[in-house]
Amino acid sequence: MTLAGWLQIAVFFLALLLVTKPLGLYMTRVFTGGYHPLARALGPVERGIYRLAGVDPAQEQSWLSYAVAVLLFSLVGVLTLYGLQRIQGVLPLNPQHLDGVRPDLAFNTAVSFTTNTNWQSYVPETTMTYLTQMAGLAVHNFLSAATGIALALAVIRGFARRRARTVGNFWVDLTRATLYVLLPICIVLALVFIWQGVPQNLNTYTQATTVEGATQTIAQGPVASQEVIKVLGTNGGGFFNANSAHPFENPTPLTNFLQMLAILAIGAGLTYTFGAMVGDTKQGWALFAVMSIIFLAGVAITYWAEARPNPALSGLGITQTAGNLVGKESRFGVAGSSLFAIVTTAASCGAVNAMHDSFTALGGMMPMIFMMLGEVIFGGAGSGLYGIIVLAVLAVFLAGLMVGRTPEYLGKKVEPFDMKMVALALLIFPASVLIFTAIASVTPVGQAGLNNAGPHGFSEILYAYTSTTGNNGSAFAGLSSNTPFYNTTLALAMLIGRFLFVIPVLALAGSMGRKQAVAPGLGTFPTTGPIWVALLVGVILIFGILTFFPALALGPIVEHYLGTQGKLF
Amino acid sequence: MAGSPSDEREPRSVRTRPDRDAAPLRGLEPPTGRTPETDAMQSLSSRRRGGVSVWQWPLVQRALVDAVRKLDPRWMVKSPVMFVVEVGTVLTTGLAAKQLLVGPRTDLPFVLQITVWLWFTVLFANFAEALAEARGKAQADTLRATRTDTPARRLRDGREETVSSSDLRRGDIVVIREGEIIPCDGEVIAGVAYVNEAAITGESAPVLKEPGTDVRSTVTAGTQVVSDWLRVHVTADPGHTFLDRMIALVEGASRQKTPNEIALSILLAGLSIIFLIVVVTLAPFSIYAGAAVSPVVLVSLLVCLLPTTIGALLSAIGIAGMDRVTRFNVLAKSGHAVEAAGDVDVLLLDKTGTITYGNRLAAQVLPINGASPAQAVQAALWSSLGDETPEGKSIVALAGKLGQPVPPEWDGLDATRTPAGAEIIPFSAETRMSGLRFNGRVWRKGAVDALYRALDRAPSADVQAEVDRIAREGGTPLAVAEGDRPVGLIYLKDTVKPGMRERFAALRQMGIRTIMVTGDNPLTAATIAREAGVDDFIAEATPEDKITRIRAEQEAGHLVAMSGDGTNDAPALAQSDVGLAMNSGTAAAKEAANMVDLDSDPTKLIEVVQIGKQLLITRGAITTFSVANDVAKYFAIIPAAFAATYPELNALNIMRLGSPQSAILSAVIFNALIIIALIPLAMRGVAYRPVPAAALLRRNILIYGLGGVVVPFIGIKLIDLIVQMLGVA
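Going line by line, the protein sequences match chains A and B. Each step along the first sequence adds one to the number in the numbering used here, with nothing skipped, and position 118 is 118. Each step along the second sequence adds one to the number in the numbering used here, with nothing skipped, and position 23 is 23.
Simulated from the structure, these hints should not be mistaken for laboratory data. There may be inaccurate statements among the hints.
A short, non-exhaustive set of chain B residues, derived as facing chain A with CB atoms under 7 angstroms [stated by the list, open to error]:
1) S166
2) A263
3) I266
4) F285
5) H336
6) G342
7) R619
8) E648
9) P690
10) P692
11) A694
12) I703
13) L706
Below, simulated DSSO-like cross-link-like pairs (lysine-lysine); rule was C-alpha separation at most 30 angstroms, straight line [unchecked claim]:
14) A:K420 with B:K78
15) B:K333 with B:K257
16) A:K420 with B:K717
Positions of the beta carbon are idealized from the N, C-alpha and C atoms, including for glycine.
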């Protein structure tokens, strides 16, 4: 560990802290119809879209119609993206003459991009045409992120409103999230990326002769435009297989820094939006503090684990003063890679600038744990916020009784129906991860995809289903997942993790919105301040640990102890 | 009297103690007759009131039998957590039987011990619930004994006929004479009598009943007329009387899960499903790792991970909370009402009888007509020596404080035994005066205008000014005369009960606002409000004002509790979130409220709020403790379960438990014993102190959250040492 490494982490966190309030305030104005600079310039566009689509922006929806709108919209997204991939071979913008995509892979990819997961079972540069990348994948990078933000807004309104039957209008939220939040930031950042050397063209791949005389195909394309939304929308699907470790995706320390910041920006900003909309910004900062504490602890542990000599190699007489550099870009080093790994798994982004598979057992366990916590540490665009709200309601219910009142969050009493929705939502994530992992780990089709034996192989399967159910999309690598079995089950895990989770959460928001809020007083359970922050941190960690400890024990934990005895996998 | 509106209203919220009821009806002295029935009732009520130990042998005996009876799966399924445990236990029992009968007996002693402890876990849970129910059942039995058929004298066509109480119907008229048990709930329509209500209230002093007084006209089946007679209009059919309802309530027959309990059950069911998935998927994981974990170990892990502690104690906590309310002599019509009491943050309290004594007590003696202060005080004292009313007694007490003690010849005597030569002038409605003649001297006191008229004089301008001032401040002025000369004014004032100020301060700490409701004018109300330290008051209040205020508070997101006894309180009682009716109140009030205080003490609302909070805190504390326990259990069981496949995982065995089998056994034993260990806490409730929520949370998280993580590490280690010592695993 070096001072420069720690400084890099500190400066990054400071930058995140600085963007939280302005971005959060801006989003509050955008989604509550308040004044903001872009409203005048883009207002006619927004209204034009509503007129074209026949949407009455003043007509709000109940939680159920909102949910139906989200599901229908995503279904159409899956179907069109599936169709586009299947017939891409005969469509334009295909200079490499790539064929249509196999059905199971097309299904997996369609689901992956509409659920904001961006799990990539394929090698992009040899599978997807420019048209698919731009009109298919990039479009869904925007829309799936906007959908997530819209869902978060609906949930916030549930807690902010009193005796309300509606939670907002999905089409309005979707339009505003895309038009006012995602697009403007993307345009600015894309220009910065292009300036830093990220390509943006529609050329055929360059055939180059290397100094050794070998021939190398240099893939390229409209990278910069895809790159920005990949991080800002916590999508994570790279233009190239190497993702953000590729010099064309992430050429300089500046782009690396901006990518990490973009990944967490919306998740962090929404905590402020949440506080502002419920009428007490301290409520938002409390959630921000919870996320920050877990985030920084995770970064520190990973950095420590990666900067140490790999215990597994200590007996081999290798000098490891720089730490564990296997699978890392030397441009980013140990600190930059550790930080990126936690950033991308804390948020359900999944972009990577190093191979998590090559981390030490403990260092590789940290990204997995962050996904197992439910992708709520800043989390995906929108999904992080509504995820942590579910856990906050759980924490309020568990400990809130201890102040002698019916538990309430933001003045809303937690009643049987709400608890039913919370229990359902909490159940879905571990059920999907554990059951799919169990099936894959004992069936021949599952084991066929393993490149490593023993606990490391187990970790690969566990990581894959955790990543897809959590809509993260990062891969541990080492698992050959482009098979009908994995493509199908992983796609199912993504659908379950996104939509089965969202339905009870929206129902919770609808139920909360209908309630009268209890007036706060001295007898109210405090949901701001250090006790609450410590409590919520504890509940998030204990809940994650209780659910996944046995699985982790059989994967990275045992691998770590075996590694200390010199056994490798 | 001095023109304060409250005096024109029906006396409300008045504690029906004979000393106060005696005032208007001198001569009808409360008899002190004892009968076997009243003795039985008193012993019942004293048992109901006292602080009772959890482990009473007869109750334990009863609970042990019930615990076994409750193993019936149809009963167990009500508690999802314990039902899963029972299913797992049946499974290990089957595996143990298979090893025993078919073989191979690979690890029979281990499997047998696990099975036995799992059965104990289920039994302990049932025992906790049964023990909580036992007390209520025993109480119901005693109450039922008083409900036996009693003969009743029914009036038909002007003639008395003797029928059984079970033949009485609504609308019948019955007559009850001295010494007879009242056969029905009803309304007094004629007669005046003292009634012993110990069976219902536990209060041994008889209560006056008379017709047409709203609050004192209601009689309850099972109580006894101890003097004179009553004619009563029957208001409830047999089986629907107050006593019947009370039996059902204390027995818990009509007990339904409260919303909060349901919400917690849902969460526990959700956790159970999650842990079920965690444990079931562990089987394929272990197959992948190379060696399948045995079903017995998996069941043990599951039972340890399930929130069995709270699952086992959940219903016991609810029943015991209700029981605490009952022992406090408050009948809650539902558990929901008790929980809602915990949520209350606004208390609407009547001034009279709740915050103040309601009767006016002497606060000051002012000399007039050139008399010296000592002269005025002496006259006030002598005029009151034969006065047994609270006002009179307070004047004597005030005189003592002002340096004029009771004269020696009166020492130890009272109105019934006067010294020779003393003659009491009793209070009468015509004269509105009372007094004393003694050794040729006469002292009189009474309403100012009445006394002056009797003396054929008119008050001077100075005196009139004083009188007006006292009235304006909400006090009552009395004039006192020695012979024919008025010598002083007595300032009677509504007095705040001692300790109320501190209680309101404590309530404020808990985040509860108190609003005083009074018929007084705003000036008087403000004086009393300041003295009592309430947060707000409604002066010149009408019953409609109460409802309006309750609605306004509820609209602003507050939960309101109030107490009341009159028929005109009924709508407000119904509107409030927690309504506490006085047992002495009218049937309408009792019907509208969700709690009835058998002692008719309106200040009990404060204690009820605390009991409600305590109930919720206990539930939360044990839930938190239960979930926090799991951390240690993982560290015990996971390394043990994979001892064969991955001996390296023994690094996680941070408790250094002896062997894999003893580790698992110890965790299971700890899990069972903690249920028994926490039964007293579940029954008695977590200690509650009136402090702000943030302080309460900090303290309870430290004790039950952090404690819940640490305790099992120590407990499991200790049990493991014992298991090792005994060499059983």
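To see whether the hints hold, each was checked on the structure:
no. : hint               : result
1   : S166               : 41 angstroms, violated
2   : A263               : 4 angstroms, holds
3   : I266               : 4 angstroms, holds
4   : F285               : 5 angstroms, holds
5   : H336               : 10 angstroms, violated
6   : G342               : 5 angstroms, holds
7   : R619               : 5 angstroms, holds
8   : E648               : 4 angstroms, holds
9   : P690               : 10 angstroms, violated
10  : P692               : 4 angstroms, holds
11  : A694               : 5 angstroms, holds
12  : I703               : 9 angstroms, violated
13  : L706               : 9 angstroms, violated
14  : A:K420 with B:K78  : 17 angstroms, holds
15  : B:K333 with B:K257 : 13 angstroms, holds
16  : A:K420 with B:K717 : 37 angstroms, violated
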